[in-house]
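Undergrad: With the sequences and hints as input, model every part of the structure.
From first to last, the protein sequence lines stand for chains A and B.
Counting the first sequence from 1 gives a position; the numbering used here is that position plus 2.
Take the second sequence: its position 42, counted from the start at 1, is 41 in the numbering used here, and no numbers get skipped.
In case anyone wonders, no lab produced these hints; they're calculated from the structure.
Quick reminder that beta carbons are idealized off the backbone N, C-alpha and C, glycines included.
You may find that some hints are simply not true.
As the list claims (entries may be wrong) - Only pairs whose alpha carbons sit at most 20 Å apart, straight line, appear in this in silico SDA-like list of lysine to any residue:
| id | chain 1 | residue 1 | chain 2 | residue 2 |
| --- | --- | --- | --- | --- |
| 1 | B | K52 | A | N352 |
| 2 | A | K115 | A | G173 |
| 3 | A | K115 | A | R341 |
| 4 | B | K52 | A | G173 |
Stated by the list, open to error - Over the 12 Å line for every Cβ pair with chain A, so calculated as not near, a few chain B residues:
| id | residue |
| --- | --- |
| 5 | T4 |
| 6 | A15 |
| 7 | T39 |
| 8 | E128 |
Spelled out from the first residue to the last, the chains are:
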Amino acid sequence: MRILALESSCDESAAAFLEVKAGAVLRLEHLVASQAIHSLYGGVVPEVAAREHSAAVPPLLAGLAKQVTGEPDGKKLGKLVDIIAVTRGPGLITSLRVGTDSARALAAAWDKKIIGINHIEGHVYSNWLPKEVGESLPADGDIFPAVVLVVSGGHTEILYMRGHGRYELLGATRDDAAGEAFDKTAKLMGLGYPGGPAISRLAAEGSPLKYDFPRPMIAEPHFDFSFAGLKTAVRYFLRDNQERMEDQQFVRDVAASLERAIVDVLVAKTVRAGKQRKTKSVLLAGGVAANGLLRRSLAEAVAAKLPGVRFAEPQVRYCTDNAAMIAMAANFRVAEAKRGAWRDMDSDPNWELGRADLARHRLGRSGTD
Amino acid sequence: MPTITVKNLLEMRKFAREFVDTLKGGEIVGLIGDLGAGKTTFVQLLSAALGVKKPVRSPTFILMQIFDTRARKGTRVRRICHVDAYRLKNEMELFAIGFEDFAGQSDVVTLVEWADRVPIIKQLPSYREIRFGFGPEDARVLEVS
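TA: Right, here's the structure in full:
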């Protein structure tokens with residue numbers, strides 16, 4: 003099965019080509035738009051606004067074709083592809099549309115089956131992407147049912163996954179995502195962007211239990227999150243300790259304590275979900291899944307509190323938005339890909355996984371809610 | 000420019016409901032204030048008052064979200080367009096994300112967080128502004144224009 007996937011839900015467009023045979027990954031090529039544009043222009047890049055997805059997609063596809071077939075020629079690539087997968091949502095409506103319209107055009111031109119994939123589901127499947135080509139995909143029995151923590155700049159949610167395509171949304175953030183919490187508290191501290199890595203770097207040399215920042219909703223019995231209150235707490239704390247910001251160790255201790263507070267909430271809720279539900283594995287996913295403290299803490303907590311439960315995390319390179327994960331998700335939904343579905347397919351910016359998502363996949367359109 | 004102090008979330012909700020009653024459709028409301036000042040909270044309360052069923056979260060990463068509201072008599076408002084300019088590099092990115100497709104439409108109320116980063120919108124007809132400041136304890140001081 004050869005899948006071409008397009009991902010264009012927010013900041014950058016990405017494309018991937020995945021070949022799976024007999025349960026093993028034979029080939030995986032993927033790139034993001036900025037890479038494609040750079041190689042096309044040999045380093046001197048014309049002023050292409052990051053958000054001009056429609057300008058970025060042609061060189062992106064040419065770049066993928068070149069990686070897969072040796073030539074930036076769509077026809078050769080088209081002959082190889084069995085199905086086309088594209089992120090239909092959630093995301094920014096204009097970005098999504100460029101992705102879905104491009105995918106639809108390819109499906110129509112090449113007469114291929116096409117399927118819309120949920121961006122969050124893509125993140126879940128980043129856990130199936132191999133370290134090396136030739137690797138077998140993990141066995142379903144080792145994974146399902148799974149508790150999945152998806153955490154990024156734009157999303158923070160816990161899913162219960164009974165099997166491929168069978169999701170239940172257990173909880174989500176009510177305001178800010180965890181990645182956003184990192185970015186904004188970093189901003190309050192005067193650190194650079196992106197905030198997560200900046201805080202992590204400082205935190206490595208700081209004391210995580212020195213300052214007690216709020217761990218919102220950590221003890222409440224539901225699986226929702228709220229990080230907005232952390233911003234105000236940090237703001238007031240920094241205001242009250244302004245003079246100490248000159249002291250580098252103070253800054254490191256604040257960073258460490260902040261990181262610890264955010265990670266504690268994420269780990270506590272995920273482990274509680276693992277206890278409450280029959281669980282075979284706990285999976286981590288999303289951009290914040292690259293955070294070292296989160297990876298270590300969750301792995302340790304699962305080992306200590308959920309005996310017999312497997313823990314899996316995606317490779318760091320697949321944590322941020324990419325099309326390889328979309329292709330992998332599509333690999334398990336091949337039966338739902340339809341020829342001619344390009345005619346009616348639309349994007350769904352508010353598409354929420356775990357809420358009647360089955361119907362949307364089949365129709366390839368936004369159902370009424 | 001009227002200044003209102005809301006002492007807590009309950010009073011902010013009351014303000015949001017009263018503000019909703021002044022909306023007819025097509026308004027573009029700029030929300031200006033520091034991190035944690037209450038811009039997103041205000042949009043959540045306003046959305047609830049307009050009968051939005053989907054969860055309204057911070058659009059910092061997604062940049063723009065559209066929500067259906069409950070149809071009400073006396074107002075053309077049928078949708079909310081919730082924008083966050085925090086991550087935009089410049090004003091022109093507003094147009095790249097499709098802002099024009101929704102903002103100013105007669106059935107849409109548009110809310111723009113960090114509107115001070117995209118001052119071009121102040122020139123649009125039906126532009127209004129709310130500035131969020133910090134008061135004593137949990138209070139917020141709002142300047143409405």
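Undergrad: Now, for every hint given, state plainly whether the structure supports it.
TA: Do the hints match the structure? See the list:
1. Taken as a hint, the K52 of chain B and N352 of chain A pair is honoured in the structure, with Cα atoms around 12 Å apart against an allowance of 20 Å.
2. A distance of roughly 33 Å separates the Cα atoms of K115 of chain A and G173 of chain A; the hinted pair therefore is violated under the 20 Å criterion.
3. At most 20 Å may separate the alpha-carbon atoms for a hinted pair to count; K115 of chain A and R341 of chain A meet this at roughly 4 Å.
4. Proximity of K52 of chain B to G173 of chain A is assessed by CA-CA distance (about 16 Å); at most 20 Å being required, the pair is judged to hold.
5. Every CB of chain A lies more than 12 Å from the CB of T4 of chain B, the least distance being 17 Å, so the non-interface label holds.
6. At roughly 15 Å from the closest C-beta of chain A, the C-beta of A15 of chain B stays outside 12 Å, upholding its exclusion from the interface.
7. The Cβ of T39 of chain B sits about 6 Å from the closest Cβ of chain A, inside the 12 Å cut-off, so the non-interface label is violated.
8. With a least beta-carbon separation of about 22 Å from chain A, E128 of chain B lies farther than 12 Å from that chain, consistent with its non-interface assignment.
Hints 2, 7 from the earlier list are contradicted by this structure; the remaining hints agree with it.
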